[in-house]
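Here is how the chains run, residue by residue.
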Amino acid sequence: MTETTTEEIVTQSSDTEPALEQTPDDRQRVDDDVPNVIRTRAMNVFYGDFRAVADVSLGFATNQISALIGPSGCGKSTVLRSLNRMNDLIIGARTEGEVHYHGENIYADGIDPVRVRRTIGMVFQKPNPFPKSIHENIAWGAKVNGFKGSKLEMEDLVEQALRSAALWDEVKDKLGESGYSLSGGQQQRLCIARAIATKPDVILMDEPCSALDPIATLRIEELMLELKREYSIIIVTHNMQQAARVSDKTAFFNVKLSEEGMRTGHMVEYSPTEKLFTSPRETETEDYITGRFG
Amino acid sequence: MSLEAPPRPDQGLFPTDQEYDSLLGRRNRKAQFFKVFCLLMLTIAVVALATLLYTIVNDSFGLVAVVNQNDPDDVVASLGHDPETTTLNDLSYDELVGLLEANVSSGVGRRLERDQRFYEDRLVFESDEVWDEICSSNEPPAGCTRGPRNTADVFSLVQERVIVPDVIASYPLAQSIVNPEAFEQEVAAGFEAGRFGDYTADQASIEWRAWFNTTFLLAPASATPEIAGIRTAILGSVWLVVITVIFAVPVGVGAAIYLVEFAKPSRFNDFVQTNINNLAGVPSIIYGMLGLAILVRVLEPFTSGAIFTTGPAPSDNGRTVLSAGITLGLLTLPVVIISSQEALKAVPDSLRQAGLALGATRWQTVRSQILPVAMPGVLTGTILAVARAVGETAPLILVGAASFITADPTGPFSKFTALPIQIFQWTSFPQEEFRNIAAAASIALLILLLVLNAFAVILRNRYSRRIP
Chain A
0 MTETTTEEIV TQSSDTEPAL EQTPDDRQRV DDDVPNVIRT RAMNVFYGDF
50 RAVADVSLGF ATNQISALIG PSGCGKSTVL RSLNRMNDLI IGARTEGEVH
100 YHGENIYADG IDPVRVRRTI GMVFQKPNPF PKSIHENIAW GAKVNGFKGS
150 KLEMEDLVEQ ALRSAALWDE VKDKLGESGY SLSGGQQQRL CIARAIATKP
200 DVILMDEPCS ALDPIATLRI EELMLELKRE YSIIIVTHNM QQAARVSDKT
250 AFFNVKLSEE GMRTGHMVEY SPTEKLFTSP RETETEDYIT GRFG
Chain B
0 MSLEAPPRPD QGLFPTDQEY DSLLGRRNRK AQFFKVFCLL MLTIAVVALA
50 TLLYTIVNDS FGLVAVVNQN DPDDVVASLG HDPETTTLND LSYDELVGLL
100 EANVSSGVGR RLERDQRFYE DRLVFESDEV WDEICSSNEP PAGCTRGPRN
150 TADVFSLVQE RVIVPDVIAS YPLAQSIVNP EAFEQEVAAG FEAGRFGDYT
200 ADQASIEWRA WFNTTFLLAP ASATPEIAGI RTAILGSVWL VVITVIFAVP
250 VGVGAAIYLV EFAKPSRFND FVQTNINNLA GVPSIIYGML GLAILVRVLE
300 PFTSGAIFTT GPAPSDNGRT VLSAGITLGL LTLPVVIISS QEALKAVPDS
350 LRQAGLALGA TRWQTVRSQI LPVAMPGVLT GTILAVARAV GETAPLILVG
400 AASFITADPT GPFSKFTALP IQIFQWTSFP QEEFRNIAAA ASIALLILLL
450 VLNAFAVILR NRYSRRIP
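First to last, the protein sequences are chains A and B.
Going by numbering that gives the first Met the number 0, the final residue of the first sequence carries number 293, and the count climbs one at a time with no gaps.
Going by numbering that gives the first Met the number 0, the final residue of the second sequence carries number 467, and the count climbs one at a time with no gaps.
Bound-form chain B, shown alone (with noise of 0.2 Å):
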């Protein structure tokens, strides 16, 4: 196709009809080949992506050996129940705490019940002149305020205690698709070897396990892996998400607004602009040093909680979640800055005079005309710089996150954990095990991180004006 035009004079240095065509071929090509390699580049994202998921879900499911210290089917046979009928989360409150009574030391068992009481009216392990004892003392075991516990809770209890179930072997989800006799083999293997010390072939049973399920995300830590979860550290998370959001928002926009809306250009804005900018880029865990020798140490009383309060601190120092929250409120404050800053400078000048010739004072302005019209932008950037907080490990660690905890945080001045400190915790034990949980851990992570993802998108699609 040729598409001629009549001749022109001056066409001497175009190219010719001819040359035009081979030109045009070749600049088509190259533009061919330019669509190619960035759908290259894409896919190469998107296998990444996709190997980091597959690796996360492969440890996550898969088929295991277990082996029961006391059969759960034998347990609920001797409290006389059939076992064909019955299972374990059939039974009461009352026969689940008897099962804890008949198998569990009476040491353990004190300790349980001071942790948090079986039953309101009675106590189980405890005699009640020791408990008013123990518990008019100097500093009460948690069990003398709390309320009791209830089924589920103790269900666990039994778990860990009566049933104490090991997983001897585990395989990862691909390969116990594709091969689960190999599975089999390896275990019988394993048996013959005698790798399994004491256990013997008859005692294992293999099974599917999700490590991902809802016992896992609603049960507390434990030093067991077959029954540890992750609610103290999904609950430590929405804590820091929630403080790190009150914190940074305010003064990040704020100080946005200002920077963009009534700041005139001078050395010192453009110093401090500078300084932002370059703050986006310190490495989080110099945020870590910075909240442990301000936050932690130095206003300790306040992180704390001790002046917030006559009688004894809520938390006996300033390693809390409120610590913590601040410090990666710090981390995201210059993204949250900077981002509502590119949010503010997007909206047309137009606006801003429209407002401002209507006799409106430049407050009015930003606030009715152009902060709604920047929200949207200012939304996203915040949230996805409070989500790439939530993954942060580094300042928690230092900030003082605890490695080991059972008791769910209850305010901004409780001690803490979160979900990236519990994966990075348990990928460094050396049972194999808690690689797997550590995988469960990671998808919990990542569905966090979805929904704030999520968020900012439907936040922004709500918020969002056409500008014409």
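Excised from the complex, chain A in its bound form (with noise of 0.2 Å):
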């Protein structure tokens, strides 16, 4: 039902700067002219009577790396789940306002999650193939969404997305072993592979380096400026320095002890990366970026 409309013409936006700098109060206003993938609007999670985010309203571009950074509890993985409705999973969790793709709300009644999570894929914290062979492991994904190819396309398929995942040349002897033969890094990046097998539109990685050494980590760097040329990437990560080398623009969250004495996460800054490691709008950026924080 949703027209095809100049929105979704997509290019290539990074100087398209949004009008979010103008004045320090604009800094959660997302500007509507900057072709999103996702944004959300005064989107607030719960959990039961707990507000783990408070107002988050964000704009993540079109084929680009956006970055969400922060201490502990500062709803950033939160935020993160729930531009899927991955939160939909965890019981008492709400989420209120709204969270637009391709400027239709996720959240709407008569939207199908399994529709969502489809089209925009995610890849964890923890690698979590599943206890079968790396070849199904890729296969399932495409095949419960109707993959109609024959069986040497499926093959091919698989090829293509474990090339993706820069996997390929270390495990094509190997696809039916277990994917928990997998070092880590590989288990992760077979994740990656695994998300990409279903052609999605956006990947969200929560913390996808976290369990990994620097070799790996790089390596899934390298491949997230390979993938972000087909697919709209957003990031979760500890790792400022990861946030730095890898995203087009970032966002800063954190915690703020609530009225009611609760640790509500929200979100300080959103700034092309590049501005916001070097010169900060926000003291509490800067504070957390250099390592002030307390």
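Source of the hints: derived by calculation from the structure; they are not laboratory data.
Treat the hints with care, as some may be off.
Unchecked claim - Examples of chain A residues toward chain B, derived with CB under 10 Å:
hint : residue
1    : S56
2    : D111
3    : V113
4    : R114
5    : R117
6    : N144
7    : F146
8    : K147
9    : G148
10   : L156
11   : E158
12   : K198
Using N, Cα and C, we set each Cβ at its ideal position, and we do this for glycine too.
Please dock the two separately framed chains into a single complex, following the hints provided.
Here it is, written out as structure tokens:
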């Protein structure tokens, strides 16, 4: 029912700076002119009565890497999981406000979360391959989503996904082996390959490198830069250098003690990465990125 | 709702948006179908359980037609009380003994007294000379050493010997509620047809009876269903639980700790493991055979208590609650081992490594870090296994549970009966009323199991430590 709008004709847009930095008060405003693949409007996430994050309004640009950084408990993972309705799986979790994917609210009535997750894939903190063969790990997602190709085309798809995840050369001779036979870094790349084999539009990554060594981390980062030509990537990371290395734009989240004494996360600043790390607008941001954070 | 993604060049092999719509519809319908299917399966399980409960409860309560040999009112009146204000329950101990004295033949009275005397200082049925004689004989009866009877005991004797209530017909609960008149008609028709022998219709009274009541729980077994109780059986079952736990828990948990934490992989250990798994599937009657052959026969000096005393053995053979408890312990052992192993294996390895990396020995790590985390699982598995064993009948029959016994078990070397044995026995009797008390005893058994399971839940919650 959604007709293609001009918004969906996508161009590389890192130079089309949004009007975010007009005044400090405007810092949470999202410019509607920027081609955003996902945009949240006044999003609040609750776990029961506890408000985990408050009033997040953010736009994530198409074919860019957007990073969410901040101290533990600031709600950045919560925000990420809200973007493909993975929070629905947590009992008691509730998302208020709107999350727009290509202009359509994914929390609207009648939107099937299965469909949302099929288009907005996810890679988790700990590598979580299925206890099945490498081939099956990748093929299953395509199969459940109605892959129409022949067996041969499936093999092509698996190869293509593994190549995209820069894993093909390492596993091409042992596709029948268990996903668990791989090293941690390889398992994580397998999970990325698994996610892209379903041809999603956006890939969410929740601290994808925190369980990996620096070499494996580097490979995943290279992979992300590779993948952003085809996919929009949103990544949560604890590692500020990582955010600085890979992302185009960075949102800094912080915790604030609410009036009821609850630790609620909120977004402090959202700027192009280079700007956020060199000349942050907020002192809170500066304290955090320079390590003066309490 | 479409949630369209911008077209991608390589999407040819994937469904188009329209195709995806119908595909998603089909997938969701399938998910819905299986959800309903699983719900249906749950319903079947619940209905089965409900039916089970219904049958038991249905037989445990309901209308009965009773004929009393002696009307309680007349009995009370014979002692000079007003039947309007006084009931049998209000009579004193002396009055109750007096009723027995007046109504029971002297032979029966002497037997009762030899079993347990009525007064500390005087005899009611026996003469002092005879009493001294039999008490100084080689095998003195229990009454020579036991303390005197109590009021509840004598009250049930009066019920049994003086009032002698006879339930001539009974009706299940559901029909008693829905159609009580039908029962009255049935009883009246029965009298007309002469089915109730010498009784006449005006002797019978129709009343509500809860077969499952406190008197039933507290009274010892009896050959008359109206006054039979399950105190002996409950105490027997409790003793069995205690001995089973004392035997199965240390042995089972110890074996599991060795297998999981200490044993190195070897042919022998694999062999042991396989055999434990197989033992869990051995039918319980075979454990009964084992108990009979080894515990009752070979280890008789131990299970009858003979080796613990220089005098006469507490029991004249090995068919004691100790034999039965150990047999049930052996029966539960494989399950205890397996569930404890599973609980121990579920503890993350990182905890073991953390303990060992601090320079603790393996046992210190197991004792202080692993076991506390595994404890809820160990306890749950153990208690569920024990609860299973409490309901076992076959091995107890083989080991020699007494089919009729009125003396409570007083120690591990007592003769005993147990709830399932009692139920089994009663259901095989021809009188219909035994079926009612068998159902009532089933309720007691279910409650006992419920208590054990609740205990498991409480312990699990208490010991639960969250692992992130």
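Results of checking the hints against the structure:
| no. | hint | verdict |
| --- | --- | --- |
| 1 | S56 | violated, 21 Å |
| 2 | D111 | holds, 6 Å |
| 3 | V113 | holds, 6 Å |
| 4 | R114 | holds, 5 Å |
| 5 | R117 | holds, 8 Å |
| 6 | N144 | holds, 7 Å |
| 7 | F146 | holds, 6 Å |
| 8 | K147 | holds, 6 Å |
| 9 | G148 | holds, 4 Å |
| 10 | L156 | holds, 7 Å |
| 11 | E158 | violated, 13 Å |
| 12 | K198 | holds, 6 Å |
Hint compliance for this structure: hints 1, 11 are broken, all remaining hints hold.
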